[in-house]
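Number of protein chains: 2
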Amino acid sequence: MTRLELVRKFRQHGYKITPQRRAILGVIAGPISHPTAEEIYELVRERMPDTSLATVYNTLRELVTIGEAYELILDCGVRRYELTGTKHAHLVCLQCGRIQDLFVNWAELESLLCPQDGFRPVRYDVTIYGYCADCASPPEGGLC
Amino acid sequence: MTRLELVRKFRQHGYKITPQRRAILGVIAGPISHPTAEEIYELVRERMPDTSLATVYNTLRELVTIGEAYELILDCGVRRYELTGTKHAHLVCLQCGRIQDLFVNWAELESLLCPQDGFRPVRYDVTIYGYCADCASPPEGGLC
DNA sequence: CTCACTGCAAACTATTTGCATCGTA
DNA sequence: TACGATGCAAATAGTTTGCAGTGAG
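So the sequences go chain by chain: G and B.
Position one of the first sequence corresponds to residue 54 (this note's numbering), numbered consecutively onward.
Position one of the second sequence corresponds to residue 54 (this note's numbering), numbered consecutively onward.
Calculated from the structure, these hints are not laboratory results.
Here chain G is said to cover these stretches of chain B; the calculated rule only asks that three of the stretch's residues, wherever they fall, bring their Cβ under 8 Å from a Cβ of chain G:
1. 125 to 132
2. 140 to 148
3. 151 to 157
4. 160 to 168
5. 178 to 187
Partial list, derived from the structure: chain B residues whose beta carbon lies under 7 Å from chain G:
6. Gly171
7. Phe172
8. Arg173
Not close to chain B: a few residues of chain G, all C-beta gaps over 12 Å, as computed:
9. Met54
10. Leu57
11. Val60
12. Phe63
13. Ile85
14. Arg100
15. Glu121
16. Thr139
These numbers come from a predicted model, not from an experiment.
For glycine and all other residues, C-beta sits at the position ideal for the given N, C-alpha and C.
Build out the structure end to end from the sequences listed, making use of the hints.
This is how it looks when you write it as structure tokens:
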């Protein structure tokens, strides 16, 4: 999903497009993955120094509302955002905090997780905490 | 895991057992499932009115530290606690907020989620958001 | 030209911490 | 008796809200 596509989605839902929103959408459509609101704020301010954190939060909330983004809440309580797209699981490194996407056979996963008692699933959240290749052994400390 | 077993675990780790901790452990070992810190606090105060919320938070943190409890953070940001035990997934109702445990073939799940790139998994968090049997159709509003 | 969006600062909520006192081991 | 645990209140962190001014459509 490019920035322009996100802008179009925003307009479709009756939201106005301001320079601030354009910049925010540009950041989340960009290369940094799973940013926090604060990280988006810092990056946006490099190009739009007059943007407020409140506007970042508002725009993120709207993105989530129109179904174009997910808000991930990690074990440590940190909230991170990512665009809605291909279904995948998350690998969270307990040492460096990095998040990787793990693409799996989602249909098989859903069939395995099928609830029996009338529960109607809407969204699956699968997160694996552990240590990434670069942090192979669990040293003291840890980011999360 | 009964309250007495939790008390024993606490002692094993060098923690002292106070009446407040005994009451808190009694509540999380009791019938209410996946309580919040606040819910535990209210229940504890029915029997120990001189317990502070800070003590509840401290005790919960210690339980998590010694590996006897998990802290679940839901989509809406609410933190809930449950004792470590059999591995299971969680079903969270978007309408009433109720959480149910879903027992699945965990070995199969782990093999399906096996990361390829040197990531060493420690803990799997599988949560399914949807609507429970009692809230079958998604009305407006929603608790989370 | 209108009203949604903005920045700023204040408000809020959930959790943590500092400190003098208490009570378990 | 010693020192870990406690209650209280203040501090903190992250997010939301109120409001008057601004600018997109």
